[in-house]
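Add chain B to chain A, keeping to what the hints say.
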Amino acid sequence: RKEVEQDPGPFNVPEGATVAFNCTYSNSASQSFFWYRQDCRKEPKLLMSVYSSGNEDGRFTAQLNRASQYISLLIRDSKLSDSATYLCVVNGDGNKLVFGAGTILRVKS
Amino acid sequence: EAGVTQFPSHSVIEKGQTVTLRCDPISGHDNLYWYRRVMGKEIKFLLHFVKESKQDESGMPNNRFLAERTGGTYSTLKVQPAELEDSGVYFCASSQDLGLGELFFGEGSRLTVL
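Residue numbers (the working numbering), protein chains in the order written: chain A, 1 to 109; chain B, 110 to 223.
Worth flagging that the hints you see were computed from the coordinates, not collected in a lab.
Heads up, none of these hints are tricks.
Okay, the calculated beta carbon distance ranges per label pair:
hint, chain 1, residue 1, chain 2, residue 2, range
1, B, THR114, A, GLU3, 27 to 33 angstroms
2, A, LYS42, B, ARG131, 17 to 23 angstroms
3, A, LEU80, B, SER167, 38 to 44 angstroms
4, A, ASP7, B, ASN171, 30 to 36 angstroms
5, A, ARG106, B, THR179, 39 to 45 angstroms
6, A, ARG1, B, LEU223, 30 to 36 angstroms
7, B, TYR183, A, ALA17, 40 to 46 angstroms
8, A, ARG41, B, THR179, 29 to 35 angstroms
9, B, THR129, A, GLY9, 31 to 37 angstroms
Below, a list of computed lysine to any residue pairs in the SDA-like style, where the Cα atoms sit at most 20 angstroms apart:
hint, chain 1, residue 1, chain 2, residue 2
10, B, LYS163, A, ASN91
11, A, LYS2, B, GLY149
12, B, LYS124, B, VAL198
13, B, LYS150, A, SER26
14, A, LYS42, B, ASP133
15, A, LYS42, B, SER118
16, A, LYS42, B, GLY197
17, A, LYS42, B, ARG146
18, A, LYS96, B, ASP139
19, B, LYS163, A, GLY94
20, B, LYS163, B, GLY137
21, A, LYS42, B, LYS150
22, A, LYS108, A, VAL13
23, A, LYS79, A, GLY9
24, A, LYS42, B, PRO117
25, B, LYS153, A, GLU43
26, A, LYS2, A, TYR70
27, B, LYS150, B, HIS119
28, A, LYS96, B, ARG146
29, B, LYS153, B, GLU192
30, A, LYS42, B, THR114
31, A, LYS96, A, GLN31
32, B, LYS153, A, SER32
33, B, LYS187, B, ILE122
34, A, LYS45, B, THR114
35, A, LYS2, B, GLY168
36, B, LYS124, B, MET169
37, A, LYS96, B, GLU161
38, A, LYS96, B, PHE213
39, B, LYS153, B, VAL222
40, A, LYS96, B, VAL159
Beta carbons are placed, not taken as given, at the ideal position from N, Cα and C, and that holds for glycine.
So here's chain A without its partners, still in its complex pose:
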């Protein structure tokens, strides 16, 4: 079983749609959780950290359910520029990040 599992997609949505990505992780000792965004042939960039109480940054909302070891990302009012691969990331043993394989989002006009 992979340490971090994501639906690979692709999610094809129209502009203005709301889309949700899910992620599960296997290491119950994980304490830090993130969503990174990766554009085609570019480096991953931090989109947002995920806090236990849930957090929002503009059109983006992240939720964490420690009991279920489940993380989500909600994107409202999708823009063409949101098209990218969204990586669910948790901390593993030590100071290393464990990445999911990513979920591809394609927003179309």
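Just chain B now, kept in the frame of chain A:
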């Protein structure tokens, strides 16, 4: 401020040859990480330096891979001899804090082994 820079951006070599990848972290970042993404797989941790010391090298696949960070500034990752399965994108990342704050990634070095 300059971000994390990696060189070369793309390297094509034959099986059995040697390749050295270089990473210049953001100035002042003591923590430097190497990650790798092979085709169709997720990004995987290779190793972590704190200054010039290897903090964790549990992700290094085998002894054909050698990472160094002399002087605690830039780092190199050497693959010798390269095998077909080493093909992929090698990302370097750096951070200021030891705890898991934001990691800043370079654009990656794409390695193709023929």
